[in-house]
Every structure is written in C-alpha cells, then in structure tokens.
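Undergrad: Here is how the chains run, residue by residue.
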Amino acid sequence: MQNFVSTHDVADISALIDLALKYKKNPSADKSLGIGKRLGLLFMNPSLRTRISTQIAAQNLGMESYVLNVGNDNWQLEFGEGAVMNGTTVEHIKDAAPIFGEYFDIIGLRTFPGLKDRDLDYSENVIRSLQMYCNIPVVSLESATLHPLQSLTDLITINENWNQPRKPKVVLTWAPHIKPIPQCVANSFAQWVNAWGKSDFVITHPEGFELDAVYTKGATITHNQEEALRDADFVYVKNWSSYQNYGQVKQDGAGWMLTEKHMSLTHDARTMHCLPVRRNVELSDEILDHPNCLTTTQSANRVWAAQAVLSELLRSQ
Amino acid sequence: MQNFVSTHDVADISALIDLALKYKKNPSADKSLGIGKRLGLLFMNPSLRTRISTQIAAQNLGMESYVLNVGNDNWQLEFGEGAVMNGTTVEHIKDAAPIFGEYFDIIGLRTFPGLKDRDLDYSENVIRSLQMYCNIPVVSLESATLHPLQSLTDLITINENWNQPRKPKVVLTWAPHIKPIPQCVANSFAQWVNAWGKSDFVITHPEGFELDAVYTKGATITHNQEEALRDADFVYVKNWSSYQNYGQVKQDGAGWMLTEKHMSLTHDARTMHCLPVRRNVELSDEILDHPNCLTTTQSANRVWAAQAVLSELLRSQ
Amino acid sequence: MQNFVSTHDVADISALIDLALKYKKNPSADKSLGIGKRLGLLFMNPSLRTRISTQIAAQNLGMESYVLNVGNDNWQLEFGEGAVMNGTTVEHIKDAAPIFGEYFDIIGLRTFPGLKDRDLDYSENVIRSLQMYCNIPVVSLESATLHPLQSLTDLITINENWNQPRKPKVVLTWAPHIKPIPQCVANSFAQWVNAWGKSDFVITHPEGFELDAVYTKGATITHNQEEALRDADFVYVKNWSSYQNYGQVKQDGAGWMLTEKHMSLTHDARTMHCLPVRRNVELSDEILDHPNCLTTTQSANRVWAAQAVLSELLRSQ
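Keeping their order, the protein sequence lines are chains A, B and C.
The numbering used here numbers the first residue of the first sequence as 7 and each following residue consecutively.
The numbering used here numbers the first residue of the second sequence as 7 and each following residue consecutively.
The numbering used here numbers the first residue of the third sequence as 7 and each following residue consecutively.
Check the hints yourself; a few may be wrong.
It does not matter which identical chain is meant; a pair holds if it fits inside one copy or across any two.
To be verified - Simulated crosslink set (DMTMM-like; lysine to aspartate or glutamate; CA at most 20 Å straight-line):
no.: 1; residue 1: 31; residue 2: 123
no.: 2; residue 1: 173; residue 2: 206
no.: 3; residue 1: 185; residue 2: 216
no.: 4; residue 1: 37; residue 2: 24
no.: 5; residue 1: 28; residue 2: 108
no.: 6; residue 1: 173; residue 2: 295
no.: 7; residue 1: 100; residue 2: 266
no.: 8; residue 1: 30; residue 2: 108
No wet-lab data here; the hints were simulated from the structure.
Please construct the entire structure, taking both the sequences and the accompanying hints into account.
TA: In structure tokens, the structure reads:
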C-alpha cells in the first residue's frame, strides 16, 4: 500500500480487516515495525478521536508521532499554481509539503470541505496537492469527500459482530441535523461497503439527498426508510447535507430520526454512528443506550484500523 | 486507590506523602510500573504546570500520556439527561466518556467552575459524569470545587520543610485579587490539612468570604488576619471569590495583601502560594523574593504528587 | 556551550557545523546522550517547522520534549521589576522561569518582537529574563532580534553545497513583502556569516532598510542589487521591515523581487530562504521551482542544527 486515501489504495479489504483484528487481539504483535520511523499528523481541522486513536496505533508499532494543528489564521496554505501571494495565504503547498517528506516517513492529513463550492471540494485539492509534493505516503484522517479510516473501522466492527453464514443486510440511513455536515462519512461508507462486497447494502435518504453515484453504485437506494430498515442486521445512521443543492440542510427532516419504533422493523439490528452524535436529533436516547448500539466499539476499533493501515504502509516502504 | 478526586479517595494521606518523597529522591524507582499503560489528560480549561508536571510523572513511571484540549467552541459537551441536542452542544458525555475508557487506562480531567451558579458548580457535574461513564480511574487536575493534586503537593512541601517535634501552625489567609477566582484551591487545602490532622490549622478571611464548612470543619476560623498570623510556621496565601455571594470579588480588600510587616508576626514562617500569583496584589515582592518563599518548591513537587497518585492508581488496577 | 542565543555562545562555529553534518550522516550517533533529560519548548508565538525539527533532534538524542504554547490571552507574562500586577499580566517571569528550571534540563523559547518599540524589542527582555531566572541553558527558537538555529542551518547548507577552494560569494538581498516582518532572520544571518568568516559577504537592500551595524559590520553593504548579485554563489532572500523607521513596510519595493533575470547575473547561484515564503512577492516561481533552490534542504537541515546545539548543551552540563 502506497497511500491510504480511498478504497482504490487497498488491494484486499478483507485482509486489511483481518490484520486489524489481529492487532485487536495482540496490540504489540509488531511493536518494532515502526521503530525509528516518524508519523506526521497534520490537522487543518480539529480532531480528538482520530488524533488519539492514530497516535496510539503508531505507538503500538513503535513509531513516533508528531501533531501539527494548522487550521487557524496563522498558517493559511496556498494551492493555486502561479499565485501571486499578496493576500492572506502565507505559504504554498509546493514549499510546505516537501518538508513534511524530510521530517516524516508517513503523513496523515485531516481537511474539511467548505461546503460552498462542490467542484472545489470534490477535486480534493488539499490532500491531492499534499500527495503530489510530499514524497511520502499520505493517510487521510478525513478529507473533503471521504473518511476511509472511519469506513475501515466500520467494516471491522460489522465483521466482528457477524458470524452467520448468510450475508448481513447493511442499511445506511440519512438522519436529521441542524447544521450543514459533509457527505464524506456517508460517501466513504458506501464506497467501502460496495468494495467489500459481503453484504446486501441499502441506502435510504430523503429526496434531494442522493450521494454521488461514484460511491453508491452497487447499493439499493430508496426514499422509503421503513422499507429499507425491514430485516436489517446493521443500521448505520448519519446525516449529510445535500450533494445536489450543495451544502443545503433539510429543515423538515425530523421524521427521519431513528427511534425504537424504526428498530422494531429490523432483524434485531446493531446500530452504528461514527460519533459525535446529537442525541434526540439524529438518534433517540433509547437506541444509543441500548446494548445493540455499537458506537463505543466503533470508536475503540479506530485504533486497530489505523494500526493496520500504518503497518501496511511501513511494510511497503 | 480507585480515583483521585478528593481526600475521600485516599486511605492514608501520610503514606501518599511518603511515596511522593520517595519518588523525589529516586524518580525512576518504579520506571516500569506504567509500561504499556496510557494516561489521557483532558483539559476543558487551560493548564501549563499541571499538564507538564503530570506528563513528567507519567513518563517517570513508563506511562504514555495523551493531551486533549477541549475547552473551546469546537467541542461543547452535553451533560443533561434526555437532552434534545439541537443547540450548541455537539456530544453527550454518555457517548464521549466510554471512549476514553477504551483508549486510556487512567484519565485526568481539568474543569473550571462558571462561578455563576453555585449549585451547578458544587454538584461537580462534569467530573462526576466522567466518573460515571468512563469505566477507568479519574484523576482531578482541578475541578470546579477542589484541586487535590495541588493540596497533596502542599502537604508534601510542608512535610519536607518541618522537622520539629511539635505540630506546625499552618495558616490559610485570604488575599486580594482583581478577578473572580474559584474557591477550589482554598477548599481543597482546607480539606487536606484537616484530613491530614498533623497541624494547628487556622483560616483567616474577610467577612463574607467564608468557605463551605464541609471543607473547613476542624480549622480555627477568624476574620482577624493579625491574630491568625501570630506564631505561624506556614502561611498559605490565596484569593477566592465569595461562596455566599457566589463569585463576588471583594473591592476593598487591599489591606489583606501579605507584606513583610505581616510576616514579622509569624514564627519566621515559610510562605506558600499555588501560582500563578499577581505580585504586589496578592503578595508583595519582598515576600516572594525572600528565601522563606516556597512557591518554586511547591511547583516542583507537583511532579512527585502526581507520580505518587498515578503509582497508586496503577497498583490498584 | 552554556546557552544558544547568538554567535557569542559558540566557541567554534565550524566545529558546530561539522557536528551537525555528522548527525545528518548518522542521526542516532548519540542516541543515548539525552536519556533521562527533558527539553521544554516554550512558544510565545506559533511555530511549525521549528517545533517539529527541534523535537526530532531531541528524540534523536534520547531526550523527551515538552511543548508549551503560551502565546495567547490565557497566560500573559509580566517582565517589569516591582510591577503591581493589577492589569492583564497574570504571572511574573521571576515566578514562572524557576519552575521551568525544575521541570526541564534545557529550555527553548520562541518570542517575536512587537515591532512598535525598537528599544524594547532590541533589549530582548523576554529571552534575557528567562535566562536570568530559569537556572538552565536557554536555546533561542527565534527571539525578537535573532534566529540563531536558522542561521546555523543556513551555514550548514552553504557548507555542504560548496566544495571549491575559493571562498563563496554570499549575498543577502532584501525582498518585498506586504506585512511588517522582524529583522531577526537577516540580523542573525549577517551575524553568523560574519562570525564564520569563510565567505565574501555582501548585503543589499533599499535605502532606509539598513540593519543594525552590530550585526552587519564586516559585510559589504550596497543599495545596488544588481551589483551585489554579480557573481554570487549563494543568494539569501529575505524581507525585513525598517530598523530606522522601526517596523515600517516598503510600499514601492516590488522591483526587488528576485527573478530569473536577477539570477542570470550570478555565478549560477544557489538560492536560499528560511520559509515560509510568499511566492511571486518575495521570489518568483521560476526560482523556487529551480533545482538551484535550497529551501527544502534548509528546512531539513533544521533538525541537524538543533541536534548539534542540544548535543553541545547536554555535554556541558
């Protein structure tokens, strides 16, 4: 593996899941693999879980990690080719990125979309520019349109909670929210579940909240939430703002909040959410406090997902 | 020891002081005790001394520490049971806390009081909620009403600076300040000195600045600063805002500033303050620059206090 | 070496360059030198490159490093002797500094000038106060008027890119900028190149942008940029605001931007800049993207400069 930005970087998703589960059983299985190697973690947007879980993963492999928080006014990066930098940007990615390549062996990047200009966000210009100029493997810690470490975590969690011979029915359901939220977790979940290929995958959302077909192709898509939830084994709940009317929030979506009533339609489904979650807006208390809720397990599994990814990148160097 | 939030968590204060002094003599006495263990340090309010001294203590025991600064707009926690989270809070403590339990073996928390609503502050809802949901030992790095690591440090400092057969006279004196300051350092000092029980303990403050009797019970309390200081061996100087008129600042308290004149009443007393201190407002330069001033020693002892506490928590796991 | 604040702290600059180049070949040559030692890194102003490169240097020597970001409203230090601290400052350097001496073995400090009051900035009151009260070696991570780690890095870079028997011609040229920039990098480069003494050193800048002669004495100074650049082997490009009209920005300096046309006058010179650089304002794209540009090498060499300095300080303890 040369980078970790989307499913296209992964030769064998099932093998990566197995590696993560191996680390879950034995965190120090490869405790010397990363000795003398350095991981840079570049946050252009804030992070708690992602930072800590990735730092623990690095530590389990013997790697040193270094955090750079750059998402503030002090360090605005320029991405435009040929830009005359007489405005607010203070450094060009062409000058900054190669230095990360000198200091680190692997670099992780978190960057959020602006949710104003769809073409700009979906061009992934920030993470792509870093990849172009840094000369070392790049790990997405969530980018404008995808969140592959979360999706790998989600597949690990589904995998360890399913032991029946038949394929599980996995449902991704849109949920209400009060703010414009990126599509990245939903895009990425769809991309990974489709690429994994070991489930019956259904996506449900209100009209006007269709995701980019690049990611959803292969899934069954319906606007009928009840129909989608029927006999589900796993229900992944997530809000996203509109891709069509880019960044728009649905004002009248409260009925989509998942409650016990919805869950009674399912096959005693496990519920999932990437967190943070707004209680009684996206999901009701009764679901989050129910033993079938996997959110804590998902967050815990972030460590093993990151450890498997770093391990593969280290082995490929 | 299962947690470290107040004196009630400590079976034997004198033994804990002795352990800290053992580490002061030999910092690496238990350098393998914490290997493979992780300490999370969650700061809802800023910290310099507390963070560094606790990280050094962890390092001395072989523990890895991870700092999370969450006291900003990006991560407002919800504490209300059943809350509909359609406002400014983005994550419920019920969802956040269990994850700390997955990532860490021990968690430290700093949280300040708002000084607006006494019942809310004194309910200690933040640290208590963390304790309720995180499933691992919690160390207070200063909470709304108590600062036990500071108080343990203070007792360590008094202990190593006293070698006479009689009990020392320890005086806690209120000092002026220009801003509303929490009662926590004063509450906590009173609680620990009383629980320790090896001093003649006097508290002096202006009228209307009585502390909660829960902490002060057992001490002699007087509004007469001169009388209190007479023959003192240790003088602990600290401002606090009013507990009765909650959060109120005393405007006409300048006369309470400790000067050499006050010190001449004492038994050549050592002076103490938890820092940071406002010179020539709380204490005069002449006292802070005098060899009897123990403030640097107190700050240095924060390492050994934290190391003793982490050590006890690790041994109890 | 007892401190690292200017050339005056260094007995033998060439030996320090050689030590840095030894570490560049073998980063782990002294991997046990700093075991059990702690480096504090105190940032009163933000830093990315300096922080990371210095942390890597410490790690290469087995030292633990601890970062303190204090350049915000939460921790305003007081420097005035006898100050009555009833305003915005919350802690006196006399109380804060000794604690660093208790926690750390070496302390690094970054502090920027205000660019309003020349006498205050050039008094270097912040770093000098830290030196006065902390009782441990102080490393400048950039101070109000000097940036010695950058200058050492620059000499390392010139050294490893020069293998001819004659002395290189080294030119420091002023460049345009839109904001008031400190003189420290330019002052420091001049001081170090002069103290090193192994080049023909020319400084060129517009009228009114003369640097303090304390640093430039020994260099040839001219307002004629073309004449300065002729036959140059190394061209160091840097903006600085006026020292005479303290902090003033030159509004009509665009013609000083270095382009390929300027470079054609040189002896196929290598170009240098400390970064961050504003493209097409200070330097044109064509120079920064040219193989002769050494900026990435300079940034990479920050690690070896810091490692040589920390190594010397550790050996002197």
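Undergrad: Which hints, by number, does the structure contradict?
TA: 1, 6
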